[in-house]
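Novice: Sequence:
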Amino acid sequence: VQLQASGGGLVQAGGSLRLSCVVSGSMFSRNAMGWYRQDPGKERELVADISDDGETIYDDSVKGRFTISRDNAKNTVYLRMNSLKPEDTAVYYCRARLYPYVYWGQGTLVTVSS
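Heads up, the sequence shown is in the numbering used here, so the first residue is 5 and it goes up one at a time.
Rather than coming from a laboratory, the hints here were simulated on the basis of the structure.
We put the CB at the ideal spot given by N, CA and C, even for glycine.
Among these hints, one or two may not hold up.
[Said to hold, decoys possible] Once the Cα atoms are required to be at most 25 Å apart in a straight line, the calculated PhoX-like pairs of lysine-lysine come out as: (1) K89 with K46; (2) K46 with K67; (3) K67 with K89.
[Unchecked claim] Pair by pair, the computed Cβ-Cβ distance ranges are: (4) P44 with S10: 34 to 44 Å; (5) K67 with K46: 13 to 23 Å; (6) S55 with S28: 12 to 22 Å; (7) S118 with S28: 20 to 30 Å.
Model the full assembly from the supplied sequences, consistent with the hints where possible.
Specialist: Encoded structure:
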């Protein structure tokens, strides 16, 4: 199973980005998918998760600003990030979870300048 994340970059505060993660080698529609982020020296933290049937959860810090979605026909999960803040700066990772297995993508860097 491979996960390929993309869409990171440099954006000014208040701007938007959309991250994508394409999954290959797995029955994507059966996977719960998540986006996590990690700052250097900190633990990786959950940003948003979407279940195989479309239920979503968000960290409180991104509620109302970020939206996770999935396109099972394209084996892709997205993270739409609006109203970005400097504290959103991190490496973002996508994760696929099909119990008992968990797979991670390589990460994409998001930098938000003030």
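Novice: Each hint: holds or not?
Specialist: To see whether the hints hold, each was checked on the structure:
Of the supplied pair hints, the one linking K89 and K46 holds, its CA atoms being roughly 18 Å apart against a limit of 25 Å. Among the hinted pairs, K46 with K67 is consistent with the structure: their alpha-carbon atoms are about 21 Å apart, no more than 25 Å. With a C-alpha separation of about 13 Å, the suggested pairing of K67 with K89 holds against the 25 Å cut-off. Roughly 21 Å separates the CB atoms of P44 and S10, a value that falls outside the hinted 34 to 44 Å.
Between K67 and K46 the beta carbons are some 20 Å apart, a value that agrees with the proposed interval 13 to 23 Å. Between S55 and S28 the C-beta distance comes to about 20 Å, which sits within the given range of 12 to 22 Å. As the Cβ distance of S118 to S28 is approximately 37 Å, the hint placing it in 20 to 30 Å is violated.
Going down the numbered hints, you'll see the structure goes against 4 and 7, while the others check out.
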